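Asks: Both chains come to you apart, so use the hints to assemble them.
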Amino acid sequence: MMGGGLLDLVPIWTAIIAIGVFLYVLLDGFDLGVGMLYGLAPKDDRATIMNSIAPVWDGNETWLILGGVALLAVFPLAFAIIIPAVYFPILLMLLALVFRGVAFEFRFRQPWLSRFWSRGFCVGSGLAAFAQGAVLGSIIQGFTVQNRVFAGTSWDWLTPFSVTTGVALMLGYGLLGAGWLVIKTEGALQAWARRMGRVCLIGVVVAILAVSVWTPLADTAVARRWLAMPNIIYLAPIPLLTAVLAYAAWRSLDGWGGDSALFFAAMGLFLLSYLGIAISLWPMIVPYHYTLWQAASSAGTQAFLLVGTLVLLPIILMYTGWSYWVFRGKMRGDIGYH
Amino acid sequence: MSLDPVFLSRLQWAWVIGWHILLPAFTVGLASYIAVLEGLFFFTGNNIWFRISRFWTRIFSVAFAMGVVTGIIMPFQFGTNWSRFSDAAANVISPMLAYEDLMAFFLEATFLGVLLFGRGLVPRWAHFLAACMVAAGTLMSSFWILSANSWMQTPSGFVELDGRFFPENWMAIVFNPSFPYRLAHNVTAFYLTTGFVVLGVGAYLVQCDHAREEGRRIVLMALSLLAIFVPLQFLLGDLHGLNTREYQPAKLAAMEGRWDTASPAPLTLFAIPNQKEAHNDYNVDVPYLGSLILTHSLTGAVRGLKDWPADERPPVWPVFFAFRIMVGIAFIMLGVVMLGWFLRLRGGLFETRWFLRLCQWTAPAGFFAVLAGWTVTEVGRQPWTVYGMLRTADSVSPSLRGADVMGSLLLYMVVYLILYPVGVAVMAVMVRNGPARDEMPPPIAGQQSRPPIATVTESK
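Chains E and U are the protein sequences, given in the same order. Residue numbers are given in my numbering: position 262 of the first sequence equals residue 284, and the series is strictly consecutive. Residue numbers are given in my numbering: position 299 of the second sequence equals residue 306, and the series is strictly consecutive.
Same shape as in the complex, but just chain U (with noise of 0.2 Å):
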């Protein structure tokens, strides 16, 4: 058996990745949730804001360190598994990532400290300060690793020299032609994450006797927040789109399962791409529609994969699908929302047990969608690491041999299996417990009035 250190290496960094970017579609989303409770205390001093805020406050905690650890894997793949590929982009993109770490890894890192441990170490402000410090410490990294991916897809800015790409223009790299679109599209993404986990949190509280009336004000809130980011989003996906017609035809096209070029295209609905022979071998097509979603016109043209040499193409079966499944939960996300909203205005939306229900059972919604769209832009993005100037069979560290990454995908399978069973069991558990009873202890008027392991004590 020949092990192939450039599939493996695929596959290890779709492992480490996939699960990594689970935790920052959720914290991301907290962390300004978090930021709001806790200014809702602030200024109204009403407990209720801070019991739930301490609630979600401990669930992050979790998911933030999980997040943290396996981000700390993410920048050193980049040379253990694909140093060809660090040599030849790090002029342009690795100040990306250092940024990230500059203006957003220690920004979160720190406040979170005081965040979790320093509620009665620090003046009622400071706290909510380090709230606010940590939510935009999520969004500032946001903004840059999907600066530094969205150049990986729509390369600009820059110039070739033997292979290597130097920068030209750092405002024409950072903000490249996807970024700004994959921006929104993925932060929109991360806050519905959020969104949907708080509302089927907060419908399971309500019908907890010990936390009725803190469920309701989660679910009230989560159901205001997706009345406009579910909608959001479906305008900011399609604009995405746009933007890869224009930008990344092949992708589009293997999204659409779409072999020739067409014009009008139809909107294939369902079909089983087959790569081999360039067609599809079961179709169900909608006339016209291809043309209206992706151009906006009765009578657009929509390019077709034949257009690209067959070494070209992106392979076709995962984009499809995985498109097909995003844009599914995003219809169910819609109804949820529009469902919550009428049961509502009409009254008993807290009596509504199946609803509720139904908001439990759509909670981990975000993360399959997170990872759906995820798959599409990635292995949309192939066989290029640099769309269309890197090959990814030309980026892995020429030094491994298939064994040794085996072995070390083996190790990163094996711990993850052990971290997230364990970190959703934790987190589980917190949910069932719901926050604690008790209220706020008295306000601190100078810097740490009490040695700060009773704090930490009762943080937890």
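Excised from the complex, chain E in its bound form (with noise of 0.2 Å):
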């Protein structure tokens, strides 16, 4: 790349993205969980589900934004060479949040139409998880690449992983909307996400073993940053800690720990599974062909797009913070939507 100035910012876009890249999977995570268990929840009770998410979902779609053009800004030849090689879930998750989105304000206001809008709520939010878990899953597996472009083929993505992984992402931001129901509603319609949020935790788990063991089997050297000396003993508070917050979040619901606790535990184990993969991935951008520093842009971008944001991102997470608090409390069902 352009050579380096005095200072390497790439460790700090890093983390800037890599903390970004969470606040979408967490926020717009459980707004799309709530999407998904909304086409199985009791009718009369949709109404308050969509209206829990109904004043944040559009920031919380912007974290997804902030993801591509921040990859594209920093790392341009990862940009480059990952979203081609994942042309059909990225058209896949586009078009699904299109449905989803506009549902919000198609619903009520064509009576005759809504039966439509709210499975292409459902529809939609359940579409958009499986094809981001899919993205994840293909480039975990990595891509064929030549000459700083992609080689392979459109369909290269759809493998048995990236299906599992798709799955497997369904199910996590199942249990994050879960969680968030959980949180802001009372009575019935709380018991029965309580319910939901079991049965998307056993399948969030059953998910976490099954890529925690899938992946070191299928590449030696995340077998080996894992399970050599002295890896194993400075990593194993990561599997620990997953497992002892997997058994809080099965507490949580019978009740322990109040309404919040399994909202805090899914984004725990969001957490812990985010780390185990940037461990494993560790330096790497594209997988096998490019580090982070070989991906990344010139240093003058960097800093350039450095400067305001270090402004911006503080206040933006004030006045989201803010918007979260004009809105919290818990929905009352009684008085619906017309």
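Worth double-checking, as some hints may not be accurate.
[Unchecked claim] Derived, one-sided and incomplete: chain U residues facing chain E with beta-carbon distance under 7 Å:
no.: 1; residue: 72
no.: 2; residue: 81
no.: 3; residue: 84
no.: 4; residue: 94
no.: 5; residue: 106
no.: 6; residue: 109
no.: 7; residue: 132
no.: 8; residue: 254
no.: 9; residue: 256
no.: 10; residue: 389
no.: 11; residue: 429
[Unchecked claim] What follows is a set of in silico ranges between Cβ atoms, one per label pair, in the way DEER data are often shown:
no.: 12; chain 1: U; residue 1: 223; chain 2: E; residue 2: 221; range: 54 to 60 Å
no.: 13; chain 1: U; residue 1: 283; chain 2: E; residue 2: 177; range: 36 to 42 Å
no.: 14; chain 1: E; residue 1: 347; chain 2: U; residue 2: 322; range: 51 to 57 Å
no.: 15; chain 1: U; residue 1: 439; chain 2: E; residue 2: 344; range: 53 to 59 Å
The hints are simulated quantities; they were obtained by calculation from the structure and are not laboratory data. In this text the structure is predicted, and so the values were computed from the model without any measurement. We put the beta carbon where it would ideally sit given N, CA and C, even for glycine.
Replies: Here's what the structure looks like:
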């Protein structure tokens, strides 16, 4: 790349993008999860469920754009290789998000089409979650690369592993969504959300186990990173904490820890899984081909964007926090939408 | 049959951007309008402003949601279909896209939630502030995205290394030569688009018994705004044209249908351009007028397309006709506004049925003008993605096969052809229902006096 300046900004940017993507996964994760659960919920409660995310979904999806454009800005080579390689999962995700996003506006205003948009909301949320999981799985598997470009076909992404990660992310988002609904609802609907949470939690634990076994078996470098001495000791807290959090989530489904416990335990499970994947791939951003540093943009580009980002991100976090605070508290099912 | 991934990717880009741009064309202006209405309500306490504002806010929420979901698609197109362009140009243009997200999208999205659902949850001043933030967000979004687009038209402030572009001077990149003109011309076009929709809807409401008073205020506000912005747009369009003549003369030649350099140059009112044989099959010319308009002198030279090799000329046909459609609509707009003011000053504006009808018919005029103008500037940039530096044919993702793009394009077509008719129908129902008659709930002194759901229900 364009020889570095005095300061290597790649670690700072890696941290910012990692946090941004993680925030996206948590925030849009719970509202995509709520969208999936919406389709399974009792009819009378659906309006309440949708209202619980109506004021915040748009802000949550904005983190997806940030993830995309920040990747383009800071690791353009990774963007230029990965995105065409997952052409169809990205297409699926974008179209699913269309149906899901406008359902908020269309559902209540078009009674004769409301069934269509209700279904669109649920199916769209599910497909978007699946597509994102498939993208993640494809990245872990790696791509065929020649001369700085993706050299495979548009269907290389479709493997049993990427389908597994797709389903896993659906379950994970479902768990987050159930956690959100436990916070926002009461009574019978809350009890229903806990039951859904239990199903998702079982699925999530199975999926975490499957990916944790599958990845090191498929790739000896990953196996060495996790299992060789002394890494196995340093990294042991990650699987151990995962087990503790899974147990805490399970207990919270019986009411332990109050209404927020499930949501926070689910966020913890996401954080640990995310760290696990990051440790397996480090320092690659296009696995097996390019490291973070090799894929980085010029120092000038990184610096120009960093100046503004360091000012803007805290402001964004402040007003986002404020809006969640404005809309805090339980939803009431007895006063429904018309 | 062989499917060309470059051509299909261009078609797909045109499809998704063409539909998407209609929404910002409407919501950028509408956000500013709503901020003004909220301000009028906040400072006067007159409930009529509240009713008008809430009427438009509901319509805004539909258009904005459609704008968000079709907008998320856009940055990903750079990766899915134009990965070579992304690799080559990212170092220069991607910070503009990232700043758009950081400065605009978060602001709009978050404060829109408060604007739509927070009326009973936050004090009135905070609600007014939310409206201002949404409006500011839409304008900042226009700033950054048009800066990126302008850099592709008139690249500056960079160095090229091995076919990739690297930043040298950020001021020169962001404020590249065509940017100030494009920004002014575009934002004004967006305000005009909104203005004509508002005028048309107001004219409709004036004719409905249940919303006569609201309709009158809406019409008068729209006519006042348009009286300034329509003439202003003629001036800005002229300046933008002069800028194009300086930096993208081939585009200007295509707009004018000019093949041979001439001084003095005539103005070609109508022609049938023939790209293959590099001449017009049929011409209606006005002598000297071309030089007068384009160079502001009777004998100024206007370059012709034959100055460039055939493979560096833009497709003339779409540029030439789209330009005439845009200018034609501008004259229609000018006529409507002048008529409106004539009737207003003479008296009887609201009793002149045919004029109110005319306003309804011209309500969508801005959308057509924006699409036509966008066609002029984007097709006129061809065959380049980065003008003079990177060819469109060299920008496409190399892994794509024609069938891949055909499949995605068909899916985008199906989805947009469901989305837009439903969206328009939803907004049309809202217009027909008119502003609700109820009054503003009592002001909220502190924070969250009631559970959110009650307010959510009311605000819809």
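Asks: Each hint should be assessed against the structure and marked as holding or not.
Replies: Verification of the supplied hints:
Checking residue 72 of chain U against chain E by beta carbon gives a least distance of about 5 Å; that is within 7 Å, so the hint holds. Hint status for residue 81 of chain U relative to chain E: violated, with the closest Cβ pair at about 9 Å, above 7 Å. With a least beta-carbon distance of about 9 Å to chain E, the hint placing residue 84 of chain U at the interface is violated under the 7 Å criterion. Against a cut-off of 7 Å between C-beta atoms, the interface hint on residue 94 of chain U holds, since the closest Cβ of chain E lies about 4 Å away.
This hint holds: residue 106 of chain U has a C-beta 6 Å from the nearest C-beta of chain E, less than the 7 Å allowed. A least Cβ separation of about 4 Å between residue 109 of chain U and chain E falls short of the 7 Å threshold, and the interface hint therefore holds. Checking residue 132 of chain U against chain E by beta carbon gives a least distance of about 14 Å; that is not within 7 Å, so the hint is violated. About 24 Å separates the beta-carbon of residue 254 of chain U from the nearest beta-carbon of chain E, more than 7 Å, and the hint is not met.
With a cut of 7 Å, the hint placing residue 256 of chain U at the interface with chain E is violated, because the nearest CB-to-CB distance is about 31 Å. Interface hint at residue 389 of chain U: violated, since its Cβ lies 22 Å from the closest Cβ of chain E, which is beyond the 7 Å cut-off. With a least beta-carbon distance of about 6 Å to chain E, the hint placing residue 429 of chain U at the interface is held under the 7 Å criterion. Between residue 223 of chain U and residue 221 of chain E the C-beta distance comes to about 58 Å, which sits within the given range of 54 to 60 Å.
Against the hinted window of 36 to 42 Å, the Cβ-Cβ separation of residue 283 of chain U and residue 177 of chain E comes to about 39 Å, which satisfies the hint. For the pair residue 347 of chain E and residue 322 of chain U, the beta carbons lie near 54 Å from each other, so the given range of 51 to 57 Å is met. Taking 53 to 59 Å as the suggested C-beta distance range, the pair residue 439 of chain U and residue 344 of chain E does not conform, at roughly 36 Å.
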